[in-house]
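The residues making up each chain are set out below.
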Amino acid sequence: DAGVIQSPRHEVTEMGQEVTLRCKPISGHDYLFWYRQTMMRGLELLIYFNNNVPIDDSGMPEDRFSAKMPNASFSTLKIQPSEPRDSAVYFCASSDLQDNYGYTFGSGTRLTVV
Amino acid sequence: AQSVTQPDIHITVSEGASLELRCNYSYGATPYLFWYVQSPGQGLQLLLKYFSGDTLVQGIKGFEAEFKRSQSSFNLRKPSVHWSDAAEYFCAVGPVTSGTYKYIFGTGTRLKVLA
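Quick note, the sequences are listed as chains A and B, same order.
With the numbering used here applied, the first sequence covers 1 to 114.
With the numbering used here applied, the second sequence covers 1 to 115.
Simulated from the structure, these hints should not be mistaken for lab results.
Please read these numbers as outputs of a predicted model, since none were measured by experiment.
Take the hints with a grain of salt, since some may be wrong.
Simulated restraints, written as ranges between beta carbons of each label pair [said to hold, decoys possible]:
hint : chain 1 : residue 1 : chain 2 : residue 2 : range
1    : B       : Glu20     : A       : Asn71     : 42 to 48 Å
2    : B       : Arg22     : A       : Thr20     : 36 to 42 Å
3    : B       : Ala115    : A       : Thr76     : 41 to 47 Å
4    : B       : Asp54     : A       : Thr20     : 29 to 35 Å
5    : A       : Ile5      : B       : Pro79     : 33 to 39 Å
6    : A       : Val114    : B       : Ser52     : 26 to 32 Å
Note that beta-carbon positions come from the ideal geometry of N, C-alpha and C, so glycine has one too.
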């Protein structure tokens with residue numbers, strides 16, 4: 001398996017623009033997580049899905065953030081409109097019971113909003 | 001409240017020296033505990049995990065960790081550090097809610113290895 005695949009690896013956008021981050025989880029994993037990592041706040045769980053259904057989105061900072069999982073092999077995290085304070089590294093991770101609750105992380109998307 | 005603390009923000013060791021990274025947690029029951037490693041520009045990689053049973057857990061890359069219930073700790077150890085171990089290490093505890101996959105991550109310990 002190629003692991004958790006995220007795209008793009010880097011994104012630079014202007015304030016006010018819409019940004020879409022993409023994630024392909026490991027095949028067969030039925031949990032998918034979106035995390036944000038910043039120097040100030042560390043790793044924050046934004047939202048997670050089970051079998052494509054959002055289970056907990058309490059970490060989504062504002063209505064500007066939205067996440068979808070239309071099928072088992074694809075998820076998106078969208079920010080509209082983007083703001084400079086959204087600059088961070090966004091990680092997607094997936095997991096299943098066979099993995100004994102450990103996560104497999106993607107390489108992340110470094111987002112810079114100018 | 002559930003929490004995890006990594007008291008050391010930075011640690012520097014010489015190559016070949018032993019290593020211990022500290023992790024303390026607050027949790028109502030026996031938690032699931034994890035250590036992850038993050039190399040620059042990369043995602044987090046699972047090193048090892050503890051659920052139950054033997055309190056000394058072996059992981060990848062020669063790492064081990066010991067669960068000590070009385071001290072609420074899950075410290076990561078390696079007997080001889082290699083230059084390639086330079087990275088950031090995260091401890092995680094949970095689940096936050098029983099039956100979920102929601103975990104709390106520590107703030108990380110950045111390891112520097114001197115040649």
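Hint check results:
no.	hint	result
1	B/Glu20 to A/Asn71: 42 to 48 Å	44 Å, holds
2	B/Arg22 to A/Thr20: 36 to 42 Å	39 Å, holds
3	B/Ala115 to A/Thr76: 41 to 47 Å	43 Å, holds
4	B/Asp54 to A/Thr20: 29 to 35 Å	45 Å, violated
5	A/Ile5 to B/Pro79: 33 to 39 Å	35 Å, holds
6	A/Val114 to B/Ser52: 26 to 32 Å	49 Å, violated
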